[in-house]
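**Student:** Take a look at the letters that make up each chain.
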Amino acid sequence: MTDVVVVLILIAFFAAFAGFVMLCERIIGPDPEGIELSTGPDPVVDETEDAPEEVAA
Amino acid sequence: MTAAGWLQLLALIVVLAVSIPILGNYMAKVFGGKKAPGDRFFNPIERVIYRLGGIDPDREQKWTIYALALLAFSLLSVIVLFVLQRVQEHLPLNPTHAKGVPSLLAFNTAVSFLTNTNWQNYAGETTMSHLTQMAGLAVQNFVSAAVGLAVAIALIRGLTRHRAGTIGNFWVDLTRGITRILLPLAFVFAIVFVTQGMVQNFTGNTTATTVEGKSQVIPGGPVASQESIKEVGTNGGGFYNANSAHPFENPNGITDFLEIYLLLVIPFALAWTFGKMAGNKKQGIAVLMAMLALWLAAAVGAMLFEANGNSALDAVKVNQATTSSQPGGNMEGKESRYGPASSGLFAASTTDTSTGAVNASHDSFTPLGGMVPLVNMMFGEVSPGGVGSGLYGMLIFALLAVFIAGLMVGRTPEYLGKKIQAAEMKLVVIYLLAVPLVVLAFAGASLVMNTPVNSILNPGAHGLTEVTYAFTSTANNNGSAFGGLSGNTDWYNVTFSICMLIGRFVLIIAALAVAGSLARKQTVPESSGTFPTDTPLFTGLLVSVIVVVVGLTYLPVLALGPIVEHLGL
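Which chain is which? The protein sequence lines are Z and Y, in order. Using this note's numbering, the first residue of the first sequence is number 1435, and each one after it goes up by one. Using this note's numbering, the first residue of the second sequence is number 13, and each one after it goes up by one.
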């Protein structure tokens, strides 16, 4: 019985954390400029010391 | 302090100075989205992991999705670890026939390892099976560190991206952190540790007859493999109850030095990674110098306080001088093979990071020597902090520092060209208040109720320090125990678990929210009114802000605890 209670407590904590995520999203609010944002990864800006690319054997 | 103590500190600084740029540049490439060293080896392995997990590595996530993925993964991890402990007596690799761990202790331990805290209300050699140690605790040592690493990288992306809606892919960051950083380092150093005499086997207890004719039980197990990730991942949970004071877990001066080095190297190197990914190394160096200044002050302080000995012992004419036959200083609770200087250095480093491993009893330090690890944790472990958690904690303080600087000159504060506005500051305040709130509330509650008070083994100011230390350690996800407090009670098992959960996930979510908020902002060009954040002046401001904020929060409890105790000696 205690085991089930412990698991339920853990689930409740993580549900609360998920709620906190939504609260933070409300704090941030909508994007004021409302334009479409980029979604892809962007490269490392500082590429001055790039290692040489690996060469296939 | 002896010359050997100073030389050890100097050697550590030199080795770190060599390692930080190398590891920092490597991590920037691993998380930078372009080619990275070792791609030909790691890419096929990672592709298999992504395929098995149904992950599209090219699909980036908004910060809310990133956070929810992290929470889902963490919930699954903690339940698996809890169940594993409960049923371990029915599973293989249990040569000592360890019983199932009691419910609340299993709850506390599962939360502890999930949150990178590794607070241990149990003795590993008598409570856990080898399977639980390896498949449960050691696995969490890897993944909890990788989670922290992922959050730090996500925050760097938030700071450095321009009008972006995403901050990366949690599953990719988690996987790459484990496969490319934590596993290789842990593997190499586990082998090094074995060469130095650290235990690595699957045997249970061996009974030996000592030279005095007494019998002694010698516990075996897979120690070296857990020890390396314990330090590399800034976890700290020992295989043995005595942690790194145990000769099988830390056999000699070389392993002691390496353990200190390993728990510092990734957190320091991440500051370099930050500068590299920001496209301005000076930004990273400014943060790195702030970390270094706080760590160095703590290390030298703890080493000197312990090496100078205990004035109460001087009063009763105990010889604490350094001679050819004794290291001198305060040797109570310390291993004679390390002495006070190395013990002080270890204590400062393990609490400046979120490691919590110990090679001496912090409870036996001088009052001011014991205050150093306590204050380190109160700083939020940002100097250099845990793997990932140190950097994102320091960057949160950096946002507060530029906000204060902005107030001084009457301009909107900026950091890396991002305007810091009301939403970010609300999140920063939540981040900074969450931990002190639970530490002080639960420590206060523990002092007014009979059952928790009965767990305190020392009266007066020292007892207050013991309770405060325990809650500070758990809420900051450090895990080191001051000692002198019987923590394996229902009250402490539950309240420590709450502290660990809040101290981990409220802060992570706030940091990711800051990342999401900043990522979508435009990067504004520097102007004559921009406060430069890549200069020694900013480093000084950052250190000052940390000291003032923490001082205002915790000075009363420090005054009533270690400071009163010191004045009473």
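Calculated from the structure, these hints are not laboratory results. What you are looking at is a predicted structure, and each value in this text was computed from that prediction instead of being measured. Among the hints, erroneous ones may be present.
To be verified - Label-pair restraints from in silico Cβ distances:
hint, chain 1, residue 1, chain 2, residue 2, range
1, Z, 1436, Y, 104, 40 to 48 Å
2, Z, 1436, Y, 544, 53 to 61 Å
3, Y, 420, Z, 1436, 20 to 28 Å
4, Z, 1441, Y, 222, 53 to 61 Å
5, Y, 460, Z, 1441, 27 to 35 Å
To be verified - Heads up, incomplete: computed chain Y residues facing chain Z, CB under 7 Å, no partners named:
hint, residue
6, 83
7, 90
8, 177
9, 294
10, 329
11, 475
12, 525
We treat Cβ as the ideally placed atom computed from N, Cα and C, and that holds for glycine.
**Student:** Now tell me if each hint is right for this structure.
**Tutor:** Comparing the hints with the structure gives:
| no. | hint | verdict |
| --- | --- | --- |
| 1 | Z:1436 - Y:104: 40 to 48 Å | violated, 26 Å |
| 2 | Z:1436 - Y:544: 53 to 61 Å | holds, 56 Å |
| 3 | Y:420 - Z:1436: 20 to 28 Å | violated, 54 Å |
| 4 | Z:1441 - Y:222: 53 to 61 Å | violated, 45 Å |
| 5 | Y:460 - Z:1441: 27 to 35 Å | holds, 31 Å |
| 6 | 83 | holds, 5 Å |
| 7 | 90 | holds, 6 Å |
| 8 | 177 | holds, 3 Å |
| 9 | 294 | violated, 11 Å |
| 10 | 329 | violated, 54 Å |
| 11 | 475 | violated, 29 Å |
| 12 | 525 | holds, 4 Å |
Hint compliance for this structure: hints 1, 3, 4, 9, 10 and 11 are not met, and every other hint is.
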